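Visitor: Residues per chain are reported as follows:
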Amino acid sequence: MLTRLTHDIATMTRRRLLAATAGLVLGLAAVSPFSPAQAADDTIKVGVLHSLSGTMAISETTLKDTILFLIDEQNKKGGVLGKKLEAVVVDPASNWPLFAEKARELITKDKVAVVFGCWTSVSRKSVLPVFKELNNILFYPVQYEGEESERNVFYTGAAPNQQAIPAVDYLMKEEKVKRWVLAGTDYVYPRTTNKILEAYLKSKGVAQDDIMINYTPFGHSDWQTIVADIKKFGSAGKKTAVVSTINGDANVPFYKELGNQGIKATDIPVVAFSVGEEELAGIDTKPLLGHLAAWNYFQSIKTPENEKFIKEWQAYTKNPKRVTNDPMEAHVIGFNMWVKAVEKVKSTDPDKVIDALPGTEAPNLTGGISKMLPNHHITKPVFIGEIKGNGQFDVVWKTPGLVAGDAWSKELDGSKDLIGDWVEKKCGNYNVKTNKCGGQGS
Amino acid sequence: MFGFCFGRAHALFLSILLLSCFALPALAGPFEDSVAKFANDEFSDTEAAVGEVASSGNPQAFPIISSLKDGRLSADPDSKKVFITQADGKIVDAASGAAVDKLPDNAAAVRLNNRLRRSVEAALGGLTLLSPDPARRLAAAQSVFKSHEENLLPTVDSALAKESVKSIKQAFTEARAAIILFKSDASESDKLDAISVVKARGDQEALALLTSLGGDAPPLVAKAATSAVAAIQSNLAMWSMVQNAWYGLSLGSVLLLAAIGLAITFGVMGVINMAHGEMVMLGAYTTFVVQEVIRTRYPALFDYSLLIAVPLAFLVAGAIGVLIERSIIRFLYGRPLETLLATWGLSLVLQQAVRTAFGPTNREVGNPSWMSGAFELGQITITYNRLWILCFTLAVFAILLAMLRYTALGLEMRAVTQNRRMAASMGIATSRVDALTFGLGSGIAGIAGVALSQIDNVSPNLGQSYIIDSFMVVVFGGVGNLWGTLVGAFTLGIANKFLEPVAGAVLGKIAILVLIILFIQKRPRGLFALKGRAVEA
Amino acid sequence: MTPHILTRSLDRAATSFILIVAGVGVLIPLSNLLMPQGSIFQVPTYLVALWGKYLCYAILALSIDLIWGYCGILSLGHGAFFALGGYAMGMYLMRQIGSRGVYGNPVLPDFMVFLNWDKLPWYWYGFDKFAFAALMVLLVPGLLAFCFGWLAFRSRVTGVYLSIITQAMTYALLLGFFRNDFGFGGNNGLTDFKDILGFNVQADGTRCALFFLSCLALMIAFLICRAVVTSKLGKVLIAVRDAESRTRFLGYRVESYKLFVFTLSACMAGVAGALYVPQVGIINPSEFAPGNSIEAVIWVAVGGRGTLVGAALGAVVVNYAKTFFTSGPLAPYWLFMLGALFILVTLLLPKGIVGTFNAWWEPWRTGRSTGLAADEESAAREDGIGAANAAE
Amino acid sequence: MNVMDTRATSAMLYLDGVHVSFDGFHAINNLSLTLEPGEMRAIIGPNGAGKTTMMDIITGKTKPDEGTVLFDGTVDLTRLDETRIAELGIGRKFQKPTVFESQTVQDNLLLALNVDHSVRGTLFWRGSKAESERIDKVLETIRLTDARNRLAGSLSHGQKQWLEIGMLLAQDPKVLLVDEPVAGMTDVETHLTAELLKQINKNHTIMVVEHDMTFVRELGVKVTCLHEGSVLAEGSIDQVSANERVVEVYLGR
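Chains as they are written, first to last, in the UniProt record's numbering: chain A, 1 to 442; chain B, 1 to 537; chain C, 1 to 392; chain D, 1 to 253.
Just chain A, with the same shape it has in the complex (with noise of 0.2 Å):
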């Protein structure tokens, strides 16, 4: 044991300089984020809560530029209360800890007056809790399960009363389908949206064995084995879809086999609810012709105002084949509401917008108003889409009016009860039979 000590004592020195610079290490860390962010009070900050690296980069990044697309036309208008909007735009990584602590940063480090982010559930539900904390406001642009309605987040896209049961009456109606499939990749969003269109589609009278369920993982790309079984349960001699919740990267594996095993619209159409146009932009969609997807926007929607936002977007973008897509319109009815709900109380403070979202009204890229619903939900329109050869959509059927949305879908028994209105009743889940907020009860 000598030998410990004096080689102990001899390399005391030496330890003790790595305390030291340990030490130094951990307080210039826990310093150097505190250097304040220069608010200064010409400029309204804007987060922006996007991947821009990991698995979601794909779809994400666009919402990023668009965000930065409206925020610099904005600013052209003159800005916000006569002050300019300044993006500050962080990278989450796809990273759902992440989310919360961006989230966090933004709000307590930068002092952003809104966010606009998020894509997938996960996301939404790891920043929701930092959002309630902190009292901010968040944009939420993708459709989604519903089943949520929170005082702090403002969902501007679609619920699924917005998409999918639009999307089964469409084929119901109009293609006489008898037989269903529900594919979808294994998370919250499919497994709720079908279990509402499993409801829905029995309460129309579709038997049990009328309606196959199937789940794959996500970026699954072998999709041989179940593009057969679709094949097979499409020749018992009644009409049959699918409907396809899958997910991101999985489609264009799915896709590129259901052309190549000779699958057409004609025999078994395919409706998916998360294929859109830059979903499309990677694959060859000429097999593919007639296939379907429902959205509340479609880029081939000739109207005025989407004329021109395609136009203004694709010279900001410097790109002449730069699409639009649906959470892309949702970002610009978010942004184009926040800005005007900020002008009316002439005031960024969250407490005040919150208030004063509810009833604010924008147009949206397809000729309606959209309008800010007490459940925190908006009013959009619902097309349905054919797949044309270029990689874009014919709209062939849409709703007559615009469709609120409903943060409880009435499909399912723990929620049909629920409603979610900020406005009268300040309660996200109140009951209606028991006239209570908080849900169910017991």
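Simulated from the structure, these hints should not be mistaken for laboratory data. Hints are not guaranteed to be accurate.
Unchecked claim - One side of the interface only, derived from the structure: several residues of chain B facing chain A at Cβ under 10 Å:
| # | residue |
| --- | --- |
| 1 | Leu210 |
| 2 | Gln351 |
| 3 | Thr491 |
| 4 | Gly493 |
Unchecked claim - As a list, the in silico SDA-like pairs of lysine to any residue whose alpha-carbon atoms are at most 25 Å apart:
| # | chain 1 | residue 1 | chain 2 | residue 2 |
| --- | --- | --- | --- | --- |
| 5 | A | Lys436 | C | Ile97 |
| 6 | B | Lys522 | C | Leu259 |
| 7 | A | Lys45 | A | Glu133 |
| 8 | C | Lys194 | A | Asn135 |
Bear in mind that the values here come from a model prediction, so they are computed numbers and not experimental data. Even glycine gets a Cβ: it sits at the ideal position worked out from N, Cα and C.
Keeping the supplied structure of chain A fixed, place chains B, C and D upon it in accordance with the hints.
Guide: Just chains B, C and D now, kept in the frame of chain A:
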């Protein structure tokens, strides 16, 4: 703005159309008026126009409907004029067939939806049953088999009598049987004959036809149909085993292709190359660039794009591989776990570089015509792209094996990996061989990227989805043994595909992973492990 | 435990490390709670949460260093143990929500109501008790590691083969936990926690307490690791790392040693995960992603494999870099920097930050003292990272 | 136990009819050999004769395809693993010197001591006087007392060989299997090693595999020559080296 009124029964419409077609061709209104309906941009009007034009007996009917099907029919909503853009680019007036200089500015293609597409196909089927072109006749017969439209029976009969090509004659016989099966006034014996014809066909469409027969058929027919269905189903069940085996081979070939480069860099050189997937990705992006250039400059060469991409991808990925070896890996020999760290960092850099250069979204890589579509082998569908990938993989494997065995470089590689010092003292430039070996492994990964671009999406994340599977394959097969990699890949592929229908895609994959873990317990050095005392030396 | 273990393991460096962590653990919460808001001496809550997260990563890094740095077991699936510990804590936190969930069901968590489950699956029983959950935090990762290690070490799966099957293990768990049928909330995981032991998880006080607990856990984990590596067992571990079959021929039951240290390490990772979850507010299957485990190994390599201080430091440095680079104008390029950091560290600092630092001081130290000490840290320093590879 | 003759029961090591093949290559072919208690035996043979494989079999690293391997007359070694065999008292020195290079000479010996080898025992180990005395004694025997605090990796090749022999001594086995102890040593070192082994032989049974004929001659013990996995000749060094077949095998055909 949109048509909401195509609720009329499809069959009713067709029967009216076809009745008029054969009985009273003169009754159709002025042909021009019918054609003009295409210009209304309403699906219901288009549907009516299809019916009227098809039944008109006018020589323009076929060109109009076939061009509508291909999206070459356009209409001017103001003048109500309708035009056909012929395959050779010439434009004619649809109603008259007269040549026109150019399309009016506001002419737009007549839109279709799936319902209309089916009407168009049915109409074309009726119009082309007697076509001189055998391919069209075959298509027409198949379309009649599906629609089994009662009123087409006389035409089918006369076509059948005239037909000389055996396969088409068979198709007409089946189409006729399908019609008779659903013809309410056909005799019971005719129907029984029809059932045996359909049963002999034995595929899923035959199954669909028989199951849709419904319960209102006479008992004897219903019984025959049920037994035919059972026979077809048991036949198909047998074929589904074959099908699973084929899918397994196909999946195995993809795994092998992805893993084969790793079998060199990891298996032979011992470099844990986490950037292997990114080499695959670079190959896929090379294919994309090649296709872009071809699309914009030499569209005629599109079918050869992959042939051009293969050597280029090999060179690009190989060159980057050599660069990586020279600048990073060579400092890390003998420290395999550190190469893991550095190559992981490298994979992040490469991913982000591609993301910056090509954007984060998927890029379109098209299938050349010889890789599109499928053919039937017995009762299974074999897609050309999967078949070609299987052949391609085996070819790459064979070439690689031959290279290692018969070329000087192959000899040097084996020498260096077995005994570096000895090889060096025999005058082999070991560092050059290292660089070339790593380049070879990377180049093969690049080639894999060309093939994978045909079935998967080309995005910066492409490599990440193959890296884990590739390591599993190499380790399962036994590190350092190319044959092990081959057997490992096909074993995992086939096992996966036989598990998938039973357990589902997710549980199937979990089961495979657990099996690999347990298998490694049984054989800690993989399927084809080297034995003897050399192993731990 | 026995006092001689403590005295042996606490040399100067270890003592300094413990003191620094203890100082941070006390000062940061105090500054957050006592200083007025906005004062430059007040550490904002956001940083407390952030640093709490780093500390959990540091514990994970320690657990990896214990098996990789000292025993040569490269686990590419350690994130699985971290995540399992996190899930055990998450399940407790979910049960604590009670009827405050959006559906107001007193027993079932929201996602179960949502998917029409009518009763709690059996494996959720007991998680309403903190003590049970805390036990599970140790037991579940420990048991998995024990079973996995028992199979793998007994059949002498080593080197790369072991690394790949640990990766297969975490990948299989990733796929499993993604499945909604598994009953752990699928892709969304467990989130929207309300309180822990009756304290609101979002309150500053709770955050500070969790931060302090993380520091405490880091200290305890560090002490345990020190006790292990400075005992004779530590020498056996290094012997196993450097020449496994030689150790076996000396009559050591190598698989038992590996199993012990692997299980211990998994339990530590589980504790790290359990502390991580209430601080970040979510646990989801992506924690099982093989990439996360590889990254954790990289923290250790950056800090210095085989030096416990280095492992903890590496975790903090890499994650701080990640936080720093993912904001601001550099955000689109942060992967370049992170990737470059990994490459440069391997090429230029093969012994990691602390290892290189030690090696740099070596001449100075030998100049001062001729007595070469039989110190296990110097041993680890000498061999750097390469020696363990001799086994493969 | 099977029926066996008295010679087997009294032998320290008894190999009979042992076969091993790797992928069709017969490494050991009907090998039979006995080692009496207290004996020192030199094994010679050309490369690939199966010398190291034989040691692998005795120490449990390789399982024979068939044949009997008995230790101390009764213990069937083919059923045990390396650890158990080492615990029984068979120590082994490898062909390539294998010491724990990143640990000190002293720690190397400490690890080799045949004390409690359980996880618990090592975790709560605290040094004892008896242990350090034994280490001191071994250090003296292998002439490394001055290098006790040096890292084993920094030793010269010959010193490493000795350290490994020293580890065998610390392990205090009944049988020592020593694979090429003098490879790469100077003449002086070789001589010293021979002396060392003879000294050890006083209370241990030893089996030495060696190529160096001078060394074998210096040991002056019974020699067994292996060829193609079986015993070719046995006897004194002079007898064996006079054997025509041995000469033929060594000088090649």
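Visitor: The structure should be examined with respect to each hint, and the outcome stated for every one.
Guide: How the hints compare with the structure:
1. Leu210: 8 Å, holds
2. Gln351: It holds, given that the least Cβ distance between glutamine 351 of chain B and chain A is near 8 Å, below 10 Å.
3. Thr491: The hint is violated - threonine 491 of chain B has no Cβ within 10 Å of chain A, the shortest such distance being about 16 Å.
4. Gly493: 9 Å, holds
5. A/Lys436 <-> C/Ile97: 18 Å, holds
6. B/Lys522 <-> C/Leu259: 18 Å, holds
7. A/Lys45 <-> A/Glu133: Given pair lysine 45 of chain A, glutamate 133 of chain A holds - Cα atoms ~19 Å apart, limit 25 Å.
8. C/Lys194 <-> A/Asn135: Distance ~16 Å between lysine 194 of chain C and asparagine 135 of chain A Cα, so the pair holds.
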